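S.K.: Protein chains in written order, with the working numbering: chain A, 1 to 254; chain B, 1 to 306; chain C, 1 to 354.
It should be emphasised that the hints constitute simulated quantities derived from the structure, not laboratory data.
All values derive from a computational prediction rather than experimental measurement.
Using N, Cα and C, we set each Cβ at its ideal position, and we do this for glycine too.
Do not take every clue at face value.
[Said to hold, decoys possible] Restricting the straight-line Cα-Cα distance to at most 27 angstroms, the calculated cross-link-like pairs of lysine-lysine (DSSO-like) are:
| no. | chain 1 | residue 1 | chain 2 | residue 2 |
| --- | --- | --- | --- | --- |
| 1 | B | Lys-211 | C | Lys-83 |
| 2 | C | Lys-280 | C | Lys-267 |
| 3 | A | Lys-56 | A | Lys-123 |
| 4 | B | Lys-211 | C | Lys-116 |
| 5 | A | Lys-6 | C | Lys-83 |
| 6 | C | Lys-83 | C | Lys-116 |
| 7 | A | Lys-89 | B | Lys-303 |
| 8 | B | Lys-154 | A | Lys-6 |
| 9 | A | Lys-90 | B | Lys-303 |
| 10 | C | Lys-176 | C | Lys-260 |
| 11 | B | Lys-211 | B | Lys-112 |
| 12 | B | Lys-211 | A | Lys-6 |
[To be verified] Negatives, chain A to chain B, calculated, CB over 10 angstroms:
| no. | residue |
| --- | --- |
| 13 | Leu-26 |
| 14 | Tyr-46 |
| 15 | Asp-57 |
| 16 | Ile-76 |
| 17 | Met-77 |
| 18 | Asn-120 |
| 19 | Gly-124 |
| 20 | Pro-126 |
| 21 | Ile-152 |
| 22 | Asp-153 |
| 23 | Ser-166 |
| 24 | Thr-170 |
| 25 | Val-171 |
| 26 | Arg-181 |
| 27 | Glu-198 |
| 28 | Ala-215 |
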Amino acid sequence: MTLTPKLGPGLGFGLGVVAFYFLMPLVSAFEFSARGAGNVYSLEAYGRIASQYGFKDVILLTTRLVFVTVFLTILIMVPTVTWVHLKAKKLRRLIEFISLLPLVIPPVVLVLGVLATMPNYLKGTPMLLALEYVMLAMPYTFRALDAGLGAIDVRTLVDAARGLGSPWHTVFMRIIAPNIRSAIFGSIFLTVALVLGEYTMASLMLWETFPTWIATVGQSEATLAVALSIFSLAFAWVLLLALSAVERRQKGRK
Amino acid sequence: MTPAEMRADVAAATGGNSGRGSYRRLLRASNTYIGLLPFFVYSAIFLALPTARVAFLAFRDQDDHWTLSNIFESFHGVYLLSFQRSIQLSLVSAITGAIFGFIAAYAITVSKIGFLRRIVQTASGVFANTGGVPLAFMFIATIGTYGLVTKGLKLVGIDLYKGGWTLFTFTGLILVYLYFQIPLMVIVILPAIDGLRLEWREAAATLGASKQQFWRYIAGPILLPPFTGALLLLFANSFAAYATAAALTSGTIPLVPIQIGSLVSGNVIADEANLGYALGLGMILIIGFVMTGYAILQRRTAKWLS
Amino acid sequence: MSIQSTVQRSSRVTISNLRRTFADVVALDSFSLNIEPGELITLLGPSGCGKTTALRMVAGLDVPDSGSVEINGASVTNLPPSKRDMGMVFQAYSLFPNMTARENVAFGLRVRGVGKAERLKRANELLELVDLTTQANRYPHQMSGGQQQRVALARALAIEPKVLLLDEPLSALDAKVRTQLRDEIRRVQQEVGITTIFVTHDQEEAMAISDRVGVMNKGNLEQLAAPDFLYANPATAFIASFVGAMNRLPGLLMDANTVKVLDTTLKVANSSHGFASGSKIDVMIRPEHLMMTSGDIATILDRSFRGPMTRIVVVLDDGTRINLDVASASAISINPGDRVGLTITVDKALIEAR
Ligand SMILES: Nc1ncnc2c1ncn2[C@@H]1O[C@H](COP(=O)(O)OP(=O)(O)OP(=O)(O)O)[C@@H](O)[C@H]1O
Ligand SMILES: [Mg+2]
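Let's have the full structure, built from the sequences with the hints guiding it.
M.R.: Structure representation (structure tokens):
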């Protein structure tokens with residue numbers, strides 16, 4: 001008779017139900033995507049992805065969005081978070097608070113405001129999406145970089161280097177960048193996953209990105225749409241798993 | 001941390017700001033702000049401005065005069081119904097997700113099986129971020145008319161679709177939402193469950209408490225704030241979700257985000273043009289309110305379970 | 001005082017042949033212990049010797065493979081912890097975080113169905129006993145470690161337990177608070193007159209507060225005795241070196257009962273040692289039983305100031321290191337490298353294999 005709680009039949013059953021609920025759609029989606037003509041299974045749907053109408057444009061646009069978003073995110077967030085840690089520790093909470101606001105303002109509302117404020121030449125380019133995606137990613141990129149910089153004593157390292165007469169850009173490249181490399185990778189993964197999955201703004205601004213394209217395809221070709229969904233989920237999952245792996249390695253090093 | 005895990009971690013940000021005096025001092029030292037200028041300007045242009053515009057336009061009419069009629073309209077007819085439906089959907093999916101998520105998290109904690117825990121934790125981080133169009137299609141492949149589970153159930157004599165039910169209804173949507181709600185619950189509640197110390201059980205037992213009394217007087221009250229907090233987070237999560245519902249129901253269920261979406265897409269009756277802004281403002285207020293509650297409860301939890 | 005009058009149930013505890021194994025680890029081998037009513041017994045021993053396990057068996061938090069626990073002659077071996085009326089104080093963090101100090105103390109009475117007014121009154125009395133009336137409305141996270149442990153003590157006493165069990169209640173505290181609180185525990189224990197088992201691996205703590213100290217080794221009780229007796233008459237070399245400091249000096253066994261060490265002849269304290277006459281053995285001598293004299297058998301190696309006494313380390317010519325304590329006032333003239341003589345000031349010592 002010890003008091004340590006145990007996994008009894010009740011809890012075990014509950015866990016089983018949850019596991020079933022999560023595994024079934026994975027299995028089903030794969031089964032569905034592999035249904036070929038005349039009741040035989042085939043992976044033919046996956047082969048058709050690349051030749052589907054619009055595929056090339058969609059991939060091109062999505063890739064451009066990914067690159068621009070990642071570039072802008074790094075350009076803005078890395079200096080900002082570094083600055084916060086070096087010069088404005090007191091403002092950390094404020095910056096964090098601002099960067100978390102996109103969690104309170106849902107994309108579907110933000111897009112309303114964006115369409116009502118942005119000048120026409122911006123509304124005419126899909127890159128406006130990238131500009132907003134930087135905002136949508138901010139809660140996550142801030143967290144990732146903040147955690148990365150919080151783990152090292154940037155102040156001391158930088159003061160030491162400056163004391164030895166290193167110029168600023170050397171200090172940044174030699175001291176800050178290597179120390180937050182995995183945090184930067186982390187935020188890149190997050191940003192990529194976000195851009196590849198973002199549907200709300202893209203569809204309401206009427207641009208055909210990967211997620212909105214899946215929806216379009218789904219209206220006529222369910223099998224293909226399911227195959228595409230699996231493809232896109234798998235891609236996002238790989239990114240997220242890579243993120244966990246990077247973090248584990250970072251933790252292991254400390 | 002995956003995005004969902006970070007979302008669960010907002011409490012830290014809202015912790016008390018210490019020292020107003022030092023703020024003023026920093027204000028004078030404009031030096032401090034220079035490096036943050038790009039960040040402030042960027043957030044102002046791409047977040048603050050659009051949001052302020054939404055709030056502003058919510059109170060303007062077609063002819064650019066002040067009015068309350070948008071706000072008034074948003075509490076009537078189909079829009080009131082949308083708010084009700086959205087809240088119902090979020091409540092039910094939050095409560096159901098919280099219950100199953102709690103069971104799963106508690107089960108893996110007490111099982112003491114290390115790899116099971118690691119798998120569930122990693123999977124939760126991944127699944128909690130699964131949403132949008134792909135999730136919708138995944139469920140169509142599962143319990144849509146031609147889904148694998150639908151076909152399987154038919155074989156054993158259960159016809160899901162006999163009574164007129166479809167995946168594209170309220171309950172169908174809940175079933176789909178649970179796919180990201182349950183994992184989010186696992187992520188949020190796991191630290192709280194881990195925080196329950198064996199010493200408390202043992203102390204309670206030696207003091208004469210039964211297992212029921214332990215749950216009633218100790219574990220229950222300790223887990224209530226994190227549980228409620230998690231409920232709020234799950235609520236906000238589902239309340240703001242647009243893509244899955246849009247892809248799955250194509251507007252058949254009136255939900256606030258869907259209404260806003262169709263107003264944006266131009267399905268507008270002339271005098272309702274600015275109504276979308278009022279709905280948007282309503283959403284922001286509700287989510288802001290809920291998330292504030294979440295942050296407060298998280299901080300309370302941190303004090304008890306550190 | 002009311003506390004005393006309400007606890008009239010000082011109990012006799014009889015622990016017989018407890019055995020407990022975890023997989024292939026024998027945590028308790030055959031553990032027996034009799035405790036007189038109102039006595040404070042300390043279980044002392046190195047880490048992993050089974051102290052916690054023994055205490056948890058008494059509390060009912062763990063069940064023995066065999067053996068029994070009796071309170072006042074009645075077996076409680078098969079009772080769950082909630083039915084045993086044991087007051088337990090854990091190492092740390094055992095206060096319920098959702099309750100104030102007062103609510104924590106009143107908890108045991110609450111689950112016993114005692115009315116609110118009465119249990120709060122009683123909780124206040126106990127908080128007064130542990131000198132915490134000002135902290136009554138604080139939550140655990142608002143209190144220091146020492147305060148938390150005092151609340152835990154009050155909480156354990158509130159149910160008027162038959163036995164008070166403390167498992168290293170001071171080990172998470174810093175040195176100063178630790179001495180303060182251990183004296184307080186002793187005071188409260190005597191005031192209430194409750195039978196108590198106190199677990200520690202700090203021998204000084206054990207000596208300071210116990211009626212009797214039980215030294216454990218590898219799942220067994222090796223010796224149970226009053227602190228001064230234990231110190232002066234350790235039954236085994238293990239106890240001798242665990243309780244207080246001990247030197248091992250090379251000696252020669254003359255016959256079964258006499259040993260020669262540093263040209264001095266001593267009586268052998270452990271009679272059934274089993275060594276043959278003429279064996280080369282180690283003789284156990286405490287630092288305070290050695291005196292420095294003028295002579296030429298050892299070299300001063302080091303000295304360290306410890307307040308009134310100074311610890312001197314000398315080395316014999318065969319390399320044996322010996323610690324001894326001298327009054328600091330007379331230690332000033334001692335310098336490393338000096339040659340000295342040594343005199344033994346006891347006439348009896350334990351011997352052990354070299
Ligand atoms: N639940 C358990 N599972 C496996 N082994 C255990 C368990 N509890 C105790 N042991 C083992 O039993 C032995 C005795 O443990 P116990 O906790 O009683 O030691 P202790 O004297 O209290 O030590 P310490 O001073 O470190 O607290 C140890 O070897 C320990 O590893
Ligand atoms: Mg122990």
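S.K.: Looking back at the numbered hints, which does the structure fail to meet, lowest number first?
M.R.: 8, 10, 13, 16, 17, 27 and 28
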